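Residue numbering for the sequence shown follows the working numbering, starting at 1 and increasing by one per position.
Be careful, since some hints might not be right.
Unchecked claim - Taking CB as the label site, the calculated pair distances span:
(1) Asp218 with Ser96: 17 to 27 Å
(2) Gln197 with Ser96: 39 to 49 Å
(3) Ala23 with Lys98: 38 to 48 Å
(4) Ser48 with Leu10: 47 to 57 Å
(5) Asn74 with Lys41: 50 to 60 Å
(6) Thr196 with Tyr57: 33 to 43 Å
(7) Gly60 with Gln127: 16 to 26 Å
What the hints contain is simulated information worked out from the structure, not anything from laboratory work. In this text, all values refer to a predicted model and were calculated from it rather than measured experimentally. All C-beta atoms, glycine included, are put in the ideal place defined by N, C-alpha and C.
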Amino acid sequence: MSLKQEIEDLVKKRKKLVPVVKAIEAKLEQSGEQIAKYIKKAWDKDHSKVCLHAYGYYDGFYINVPGYEVSGHNTWFKPKYSPRKQSILVTTPPVSLKSLREFAKRMSEELGIPVREAQSRIPTAKQVKKQVKRDGFSDFYGANIFHGGDLTFVQSGNVFYKGWDIGDPFLICRRKSTSKLLIAYSTTGHGGGFDTQHDDPTKEELSGFFDFIEQDSDNIGLRESIDA
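Could you build all of it, start to finish, from the sequences and the hints given here?
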């Protein structure tokens, strides 16, 4: 069989297989929805006041209580979406991690598939510092941990310019110990971190920073509001 004939044969086989694969994928999606409904219904019998999120991947199903993060063994928080990223402590947790794990184990046994607890976690300072050392920091939370908790938040934002969909992030902080400024910003447009940082910036460094972020008109006026 020539190469051309082999290719033609593969194309024919592919055409026959595509409908079969699509049918299997549709069946799997339908089964996944049924499993999620089963899990939620079982959960609601004992925890009707607590919402449960159940979702599946190729390796099984995962459950969590949406809108909450956990630190340590069983300390629950409500995320606060702000540049400071300071979550709010929940004095009365919706459930315990232990009960969530026990329920996951029960569902695994009933359904014959892996069901795992996957509650959102707040990384520890040690984990964040390790990540920051590896990848650099991209927000105030990471910057403050990296600098030993010595920072106070001043301002943050993005520079959208030249028609880019992803902005260049920037961060302005002040050291608690010295009241000196610390600025960090990206000039690469990747939106995931800072490639330029100045601790106690010179007048030239500060001027260059403001020249850069003021390319986005939304940031005009910050220069006058920051007292170096």
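Checked hints:
1. Asp218 with Ser96: 17 to 27 Å: Violated, since aspartate 218 and serine 96 (Cβ atoms, about 44 Å apart) do not stay within the stated range.
2. Gln197 with Ser96: 39 to 49 Å: holds, 41 Å
3. Ala23 with Lys98: 38 to 48 Å: holds, 41 Å
4. Ser48 with Leu10: 47 to 57 Å: holds, 54 Å
5. Asn74 with Lys41: 50 to 60 Å: violated, 26 Å
6. Thr196 with Tyr57: 33 to 43 Å: Holds, at about 38 Å.
7. Gly60 with Gln127: 16 to 26 Å: For glutamine 127 against glycine 60, whose Cβ atoms are near 25 Å apart, the range 16 to 26 Å holds.
Figure legend: structure checked against the earlier numbered hints; hints not met, in rising order: 1 and 5.
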